[in-house]
Amino acid sequence: MVMAFEGYGIDFAPLFSGKLVRQVGGVPYYSGGIFPTPIFYLDALRLGQFPKLLENTTLFAAVGIAVALAAGVIAAYALARPPIRGKGAISYLLLALRAVSPFAVVVPLYIVFTRNGLWDTYIGVGLAEDLVVLSIVVWMLRGFFTDIPKEIYEAAAVFGATEGQIFRRVALRMVIPGIVVTALFAWVLIWNDFAISDIMTGPATKSVAVGVWSGLGQLALRQVSFDDLNAGGFLAWMPAIAVMLAIRRYLAKGYSLGTASSKA
Amino acid sequence: MVIPESLGEALTTKTPRHTENYAYWYLALVPLFAVLALVEFYPLVDGIKLSLTGSSGGLSLSNYGQMLGDSAFWSAVGVSLVYTAGSTVMCVAIGLGLTFLVTQRVRGRSYFEAIYIFPLALSPIVAGVLWSPSSVWDDIQTFSHFILHQPYFNELAVGFYFPVMMLSEAWEWAPLIMLVALSIVNSQSSKVFEAAEVHGASAWQKFTMVALPGILRSPVMQFIIVLRMIDAMRAFEVPLAWANWVGYQQTVGTPVDTVSLFLYKLIFYPIYGFPIGLISAIAVSLLVVTLIVAFALIRLLGRALPISGGR
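Same order as they appear, the protein sequences are chains A and B.
Just so you know, we're using our numbering here: the first sequence kicks off at 355 and counts up by one.
Just so you know, we're using our numbering here: the second sequence kicks off at 4 and counts up by one.
Because the hints were derived from the structure by calculation, they are not lab data.
Be aware that one or more of the hints could be misleading.
[To be verified] Not the full set, but computed from the structure, chain B residues with beta-carbon under 10 Å of chain A:
hint : residue
1    : 31
2    : 116
3    : 243
4    : 297
All C-beta atoms in this analysis are idealised placements derived from N, C-alpha and C, irrespective of residue type, glycine included.
Next up, chain B with everything else stripped away, as it sits in the complex (with noise of 0.2 Å):
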C-alpha cells in the first residue's frame, strides 16, 4: 500500500487496489473450504462412487437403471412436482394476502406484522403435527357437524390431506413471501399511491395495480419464490408427520412420498435392506436436477440481482 504524500495526490491516484496484488485474499477462503470439504465435498463424492458402484463391486449403471425400472421413485418425483407447484403458489397467493392485510393498518402495525411472521419460527417436522387431523381436523369435523350440521368427511382421503399438506408448508413460509413484499412496498414510492388515490382507487386496486406489479417484477421477490420452489422440491418434513397420520410410515410409492421421504424411508426401514447404491443413485439425481434448476433459475434472474454485487 503506497501512502499517498498529500491530499491531493491522494484524490488524484487512481485507487491503489488495481495496482496491488490481493491474491492473499484466497487464502481467506481456504477455511471455508476445509469445511466445505469435509462436510459437503467429500460425502458428494463419496455418494456419487456408491451410486456407480455396482452389486459386484464394479463401475455400473446398474443402480441407475434399477432407479429408472422403480415404479415408487416415479411416483415419488409426480408427487415432488405436483407438492412443489402446488405449495408455491399457495405459498405467494397467502404471503400476498398477509401483505395486503398488514399494509391496510395504519395503528399497530407492526404488532400484526410480527404476529403473522410466527408460523415462519416454527419447525417445519411441528407445522405437520399443528396441522394434523387430531390436532385440528377433528375439532373443525366437531364443530361444522354438530353446529353447522354439515356431514363428516374423511380426513384420511388423500383428496383431503394432501392439500392440506401443502397448504402446511404453504402457511408456514408465507410470511417470508410478506417480508420481501413489504419491504419491496416500503421502497415505493409513495407519490403513486397519492396519485392514485386521488384517482378514486380503492385500497384493492392500489394494492394490485400499484403495489403488486413492483413486488412480483422485484429480482429479489422472484429469488425468493425459486428458493422456495427449491426447498419444496426437497420437501420432507410435513410428508414425514403425515406419512404418519395417514398410515403410510413403512410404505413407499404412496400419495405422501416425496422423493426426500422415500429416501428417507429406504434409508431407516430395515424392511427395504438399506439399498445404498439405489440411495445413492436416487441422492445423485435429485442433487443434479436440482443444481440444474437452480442454476437456470439464477442464470435467467442473475443479471437483475444485486448479488453479483461486490467491487
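So that you can see chain A by itself, here it is in the shape it has in the complex (with noise of 0.2 Å):
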C-alpha cells in the first residue's frame, strides 16, 4: 500500500508535519504538499519501457517454463511411480540442486553463454532460469503425481492399459491442472527473479525486475527517484500477486516442494 501512494507520489510526510517539511535521509526538505499524479506511472510505461521489459521477461520466462516442464513432467513421473532404484537418490540430488547458489554456477555459466552466442537470448536466458525453477518444478509435479489413488493406477492395469498408458492417458490427464499450476508458480518465480536475470541478461533481453531496479543506475541515494522505483516496482507487483492469488491454494505446496498438503 504504502509502495502504490509512493508511487503516485502521493506523500504523507507533509500532512503530519503541518510544516511542509519532510525528511530526506535525516535531512529535513521542505515539500511542495500532495500533489497525486498518475504522472510516475506513466513514466514507468512510457520512459522506463515497460511493455518492452514485460514482453522480454514473458518470451524467456516461457521458453524458461516450456523446457522446465517438458523435461519435467516425464522425469517427475518416473520419480512418483514406476518402482526405480534410485529415485530417492534422485530426489534428493534435486533438492540438493534447489539450496545451490545461483553465484555457485553463474560465472561458468555466463562465460559458457557468451562464447556460445547464447547470452542476451531468450533461450540462454530462459535455459538460465532453469537453475531456479527445474528443481521445483520436478518435486512439485512429483508431489501431483504421487496424490493421485494408487487405486486409479491399479484399475488401470486391471483393465490393461501398458505403462505408457497409464502415463499418457491417465496419470498426465489427472495431473493437468497440477502441471497449470506449476507453470505459474514457475512464472512468478522468474519474473521475480533478479541475481540470474541481471546477469544473463543485457539490453536486448531486460527482465522487469532489473530494469526496475536499474532504472536507478550507479546514481548515488540522493539522486535516486524513489518515485519511479516505487512506481516501477509496484507495476512489477501487480502481476505476480494476481497470479499467487490464483494459485494460492497450492503456494505451500509449491515452496515445500510438494511436501505441504494443499488443503491451506
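Mind docking these for me? Both chains are given alone in their own frames, and the hints should help you get the complex.
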C-alpha cells in the first residue's frame, strides 16, 4: 500500500509535519505538499519501457517453463510411480540443487553462454532460469503424481493398460491442473528472479525486475527518484500478486517442494 | 503386462510391477539430466576447475589460500551467519503472528489471508526498495519528529539498518510460514480446540498451547524453516539494495556484504580486476557449505517427511 501511494507521488509526511517539511535521508527538506499524480506510472510505462520489459520477461519465462515442463513432467512421473532403483537419491539430488546458490554456477555459465552467443538471448536466459525453477517444477509435479490414488493406477492396469498408456491416458490427464499450477508458480519465480536475470540479460532481454532496479543505475542515493522506483516496483508487483492469488491454495505446496498438503 | 483372465485372478495376482522390468523408465530421466548437465553440472565442474587453477595455470590451492586470507571474505561470512539467524527467527515469529491473527477471524478470513500473502509475490529486490530510507523511514522520521516530538535517529547507522534488512527479508517470506502453519492448523482436530475452550482457554492460550506445538513439531514446517535458512544463507537482493542506500556500492567487507553480495561485487566491479580464481573458490566453498548443511538437516528431518514417498 505504501508503495502504491509513493508511486503516485503522494507523500504522507507533510500531512503530519504541518509545516510542509519532510525528511530526506535525515535532512529536513521543504515539500510542496500533496499532489497525487499518475505521472510516475506514465513514466514507468513510457520512459521505463515497461511494455518492452514485460515482453522480454514473458518470452524468456516461456522458454524456461517450456523446457522445465518438457524435461520435468515425465521425469517427475518416473520419480513418483514406477518402482525404479535410486529414485530417492535422484530426488534428493534435485533437492540439493535447489539449495545451490546461483552464484556458484553463474560465472562459468556466463562464460559458456557468451562464447556460444546465448548470452542476452531469450533461449539463453530461459535456460539459465531453469537453474531456479527446474528442481522445484520436478518436485512439485512429483507431488501431484503421488497424490493420485494408487487404486486408479491399479484399475488402469487391470483394464490392460500398458505402462505408457497409464502415463499418457491416466496420470497425465489427471495431473493437467497440477501442471498449470506448477507453470504459474514457476512463472512467479522467474518473474521475481533478480540474481540470474541481472547477469544473464543484457540490453536486448532485460527483465522487469532488472529494469525496475536499473532505472536507478549507479546513481548516488540522493539522486535516485524513489517515486519512479516505487511506481515501477508496484507495476511489477501487481501481476505476481494476481497469479499468486490464483494459485493460492497450492503456494504452500510449491514452496515446500510438494510436501505440504494443498488444503490451506 | 499380463492381462488377468478373470476378476478373481486380477484381485489375487500380486501387483504385477514386481515381476515387470521398469528399467526403461530411466529413459524418462534423460531430458531432465540433459538440461541439468547444461545449466548445472557443467558450470559446477567448470567452477571447481577454475577454483583449482593457479595464476601459473597449474593445479593449485592458491585461490583457496587467498580466500582464507581475505578479511573481507571472513567479514562476509560473519554477516551472512548473523543475517541468516536473525531473518529466519524474525520470519518464523512474524509468520506465526500472522497465523494467530488469521485464525482469530471468523468472517472474512480468506480475504485477510489473501492480503497477508501479498509480500510473497514481491521481487526481493523491490523489498529492498520498499523498505528503503526514502520510501518509508524518512516519512516515519517526519511523523515521529513533528507529531511525537522525538529526536531524529540516524537511518544510516548499522544498528538501525541491519535489523531493518533482516526484517525486510523476514517480512517478505513470513506469509509462507503462515500458509504452512494454516494448513497444519486446518488438519488439527477441532475437538481438541473445543475441549480447550470448555476448560476456559483464551484465544491466545488455545493458539500457543494447542495449535503451536503441533505446528512446530510438523516435519513440513521444519522443512520449510530449513529451506528458508538455506535461502537466507545466500541472501543477495535486499543487501544489494541496502548497499546502495548506505553508500557501499563498491566497497567490500562492509556490514551489508553477505557472501553472495561480496561475490556479486567481485564479479561486477572492474576495480577488483575480475579475480576469476578467487570468485570460483568462494562460490565452490559456498556451494559445499550449503550442501553439507542441506544434507545434514534433510537427513535429520528426512525420515519424518512425506518426501520419500512414491510407491
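Interface hint compliance - residue 31 (chain B) to chain A, C-beta minimum distance less than 10 Å: Since the shortest Cβ distance to chain A is 4 Å, the answer is holds.
Interface hint status, residue 116 (chain B) versus chain A (Cβ within 10 Å): holds, 8 Å
Status of the residue 297 (chain B) interface restraint (C-beta, 10 Å, chain A): holds, 4 Å
Evaluation of the interface hint that places residue 243 (chain B) against chain A, nearest CB under 10 Å: Where the cut-off is 10 Å and the nearest Cβ of chain A is about 8 Å from residue 243 (chain B), the hint holds.
No hint from the list above goes unmet by this structure.
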